[in-house]
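A.B. asks: Chain residues, written in single-letter form:
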Amino acid sequence: MKGYFWKKIGRIIPVSEYTKPEWSQQYFQAPSTILLKDRLRVFFCSRKEATTDGQYVSRVGFCDFSRDEKFTFMGYSPKPLIQLGKPGSFDEFGTYPLSVQFNGESVIGVYGGWTRLKSVPFDVSLGLVSSRDLGETFQKVQDEPVLTKCLEEPFIISSPKLRRFHGLWYLFYIAGEKWKFDNSLLEPVYKIRVATSTDLINWRRHKKNLIKSNLFEEAQASPDVFEFEGLFHMYFCYRDTSNAKELGRGYRIGYARSENLVDWVREDFNAGIKTGPDYWDSQDISYPHFFKLNQNSYLMYLGNEVGKYSICIARLEKSPF
Amino acid sequence: MATNLNLTPANFRGGFLQSPQTLEIGEILRVYFSTRFIDPSGNPVSRVEFIDFSKDWKRLEAFSKPLIISEPILGAYDEHGIFPFVPFRISNSEILGFISGWSRRVSVDVETAIGICKSVDNGKTFARIGDGPILAAGRGEPFLVGDPCIIGHAGTLLMYYIFGTSWIQNPNEPQSPLDRVYRIGLATSSDGLNWIRSNGKQIISVEEKLECQALPSVVRYREGWLMAFCFRNAHDFRMVKEKGYRLGFATSRDGYTWTRLLDNEYNVEISDWNSEMQCYPNLYLRDEQIFLLSNGNQFGRDGFGLHLLDCDLKYVL
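Protein chains in written order, with the working numbering: chain A, 1 to 321; chain B, 1 to 317.
The reader is advised that the hints may include incorrect statements.
[Said to hold, decoys possible] Covered stretches of chain B, as calculated for chain A (at least 3 residues, CB under 8 Å):
| # | region |
| --- | --- |
| 1 | 73-84 |
| 2 | 91-105 |
| 3 | 108-121 |
| 4 | 138-150 |
| 5 | 183-191 |
[Said to hold, decoys possible] Here are the simulated lysine to aspartate or glutamate pairs, DMTMM-like style, with alpha carbons at most 25 Å apart:
| # | chain 1 | residue 1 | chain 2 | residue 2 |
| --- | --- | --- | --- | --- |
| 6 | A | K37 | A | D64 |
| 7 | B | K55 | B | D302 |
| 8 | B | K118 | B | E71 |
| 9 | A | K274 | A | E305 |
| 10 | B | K209 | A | E105 |
| 11 | B | K201 | A | D199 |
| 12 | A | K318 | A | D278 |
| 13 | A | K180 | B | D39 |
| 14 | A | K178 | B | D109 |
| 15 | B | K201 | A | D143 |
| 16 | A | K118 | B | D109 |
| 17 | B | K118 | A | E152 |
| 18 | A | K118 | B | E173 |
| 19 | A | K118 | B | E71 |
| 20 | A | K180 | B | E71 |
| 21 | A | K178 | B | D39 |
| 22 | A | K86 | B | E211 |
| 23 | A | K208 | B | E71 |
| 24 | A | K86 | B | E242 |
| 25 | A | K8 | A | D38 |
| 26 | A | K86 | B | D109 |
| 27 | A | K118 | B | D179 |
| 28 | A | K178 | B | E71 |
| 29 | A | K140 | A | E105 |
| 30 | A | K118 | B | D39 |
| 31 | A | K180 | B | D109 |
| 32 | A | K207 | B | D263 |
| 33 | A | K208 | B | D39 |
| 34 | A | K86 | B | D236 |
| 35 | A | K86 | B | E71 |
| 36 | A | K207 | A | E152 |
| 37 | A | K7 | A | D268 |
| 38 | A | K86 | B | E173 |
These aren't lab readings, by the way, just hints derived from the structure by calculation.
Every value quoted in this text rests on a predicted model; they were computed, and no experiment measured them.
Every residue gets a Cβ at the ideal spot worked out from N, C-alpha and C, and that includes glycine.
Looking at chain A on its own, in the form it has when it is part of the complex:
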């Protein structure tokens, strides 16, 4: 945001001095927060070790911290929170990412459900869960996706960010555009879109890419949106889809602003956050998540290799310049 920058505080998950729960051995991804009376609850996605065929199944859990801005660790969820789907279901092979919001006393979550294909490695559709106990457990509102591929969006409906503005639910998400070969590996190209809803089940899609691409065949993800000082702001991440493992071609954090949530002006130079200097976020940063705590604004984001090792946190501060 113009006039601001993100002051990095450090890594927050995993908490090194504690034994990690069984479901959360590798990858710490897609943070999404709710503020409770006595704690900040951070939902995130994580994995056990890969199976012998090198495949992972991503699951959702949470990590609690004190809400006094010292982020004192208070505990992990002992088990994954969203059940995997039955054979043939859209969410049989993983739940990633999850975005949560309070809806009255319930906690509502939209998550990406993963299935595996023969021709390409995976497809993703969005499911809906609800919790009556502040996120300790979640139930599926329906076993089927609430948002899946459609005429204009052929696959990979993913990276949900659920927000509520002026009485309407907004779901920022990504839609796959194509699969391409990069050094004989399949890579998807996906772009940021938005849908709106009054009941969380029926969604009206805007069916238009929101953010102009800066790179050739750019992949965009994690479009988190908030209102601040009279304007809407979006933080997202983007990367190259060719040689994305090379330094500088992986995820970076981008920024755009809007007055109406539909027309966006991309201004990455105003993102106010870059890689480094710490070793844990020196190569790539991704999956920004905005939240407020007391009077301050914070951004959680993933460190190197898309959160393989850590989720990081930064606080919004006025730019000295």
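Dock chain B against chain A, hints included.
C.D. replies: Coordinates of chain B only, in the frame set by chain A:
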């Protein structure tokens, strides 16, 4: 029902002619069907071809021709084949093609969804309207959405189609791939692209718990509606004749509420080509005569046949 004819061209190469679908083009009756090719991975892919008949069902050509349609993209709902392809005329030159698209999965055999393409040259060529489907898994319909049949009625389009309800293990074959169960549903639309569905409501009653219902085909006749479909058991349907596909029928006064005909209320004439199995029906009405195209033995490996429905239609109303 009487008069069955095997319409398969004698010189056809014998690689399946499945799910015939009739379209009038001037004086021609064009029958689209799905036939199988082997792709580079060694797996069959259904592609659509057609063969033209005169209005008295004389074959006009020796060989079928391929449907000319734009290619699916990698990873799309229909990249591993179209089965069936369902034409629906909207003007003298424009035809919509509804695509029952197939995509191979890892834990189960396949997923299907319904997409759409369009011809503006009276069927010479078709182009996909979008790369994705118009109807895929949704509330109450978790997977395997396919087999569309479109009827225009009172300013509304009705789509009869099927959706999966479960993937289950055959208890006698614990090592074999999972079997699927699917049923017939109904959606409505004003533009053919955006559909309002019934969220898992099954419109045709079930004779037994593991029944699978497929390929609904509907005609309006006088004041009534007639549906043909096929049904089978979820398990052992390839090997055990009694569990394999047979034809079923249902009637309706409004297109929405259906009454299934009992076994003893209809009779499908059997001859050599459909002695073991009857499946994938397509109803076509012309001049007060209802024609029924369908596949026979081995899911239509050797072609399709024709019945003239010789009903007094007491069941239609």
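A.B. asks: Work down the list of hints and note, for each, if the structure agrees.
C.D. replies: Evaluated hints:
no.	hint	in the structure
1	73-84	holds (count 7)
2	91-105	holds (count 3)
3	108-121	holds (count 5)
4	138-150	holds (count 7)
5	183-191	violated (count 0)
6	A:K37 to A:D64	holds (12 Å)
7	B:K55 to B:D302	holds (23 Å)
8	B:K118 to B:E71	holds (13 Å)
9	A:K274 to A:E305	holds (15 Å)
10	B:K209 to A:E105	violated (40 Å)
11	B:K201 to A:D199	holds (21 Å)
12	A:K318 to A:D278	holds (21 Å)
13	A:K180 to B:D39	holds (20 Å)
14	A:K178 to B:D109	holds (23 Å)
15	B:K201 to A:D143	holds (15 Å)
16	A:K118 to B:D109	holds (9 Å)
17	B:K118 to A:E152	holds (15 Å)
18	A:K118 to B:E173	holds (24 Å)
19	A:K118 to B:E71	holds (18 Å)
20	A:K180 to B:E71	holds (16 Å)
21	A:K178 to B:D39	holds (21 Å)
22	A:K86 to B:E211	holds (20 Å)
23	A:K208 to B:E71	holds (23 Å)
24	A:K86 to B:E242	violated (29 Å)
25	A:K8 to A:D38	holds (24 Å)
26	A:K86 to B:D109	holds (14 Å)
27	A:K118 to B:D179	holds (18 Å)
28	A:K178 to B:E71	holds (14 Å)
29	A:K140 to A:E105	holds (16 Å)
30	A:K118 to B:D39	holds (13 Å)
31	A:K180 to B:D109	holds (24 Å)
32	A:K207 to B:D263	violated (48 Å)
33	A:K208 to B:D39	violated (34 Å)
34	A:K86 to B:D236	holds (22 Å)
35	A:K86 to B:E71	violated (32 Å)
36	A:K207 to A:E152	holds (7 Å)
37	A:K7 to A:D268	holds (17 Å)
38	A:K86 to B:E173	holds (19 Å)
Comparing the model with each earlier hint shows violations of hints 5, 10, 24, 32, 33, 35; every other hint is respected.
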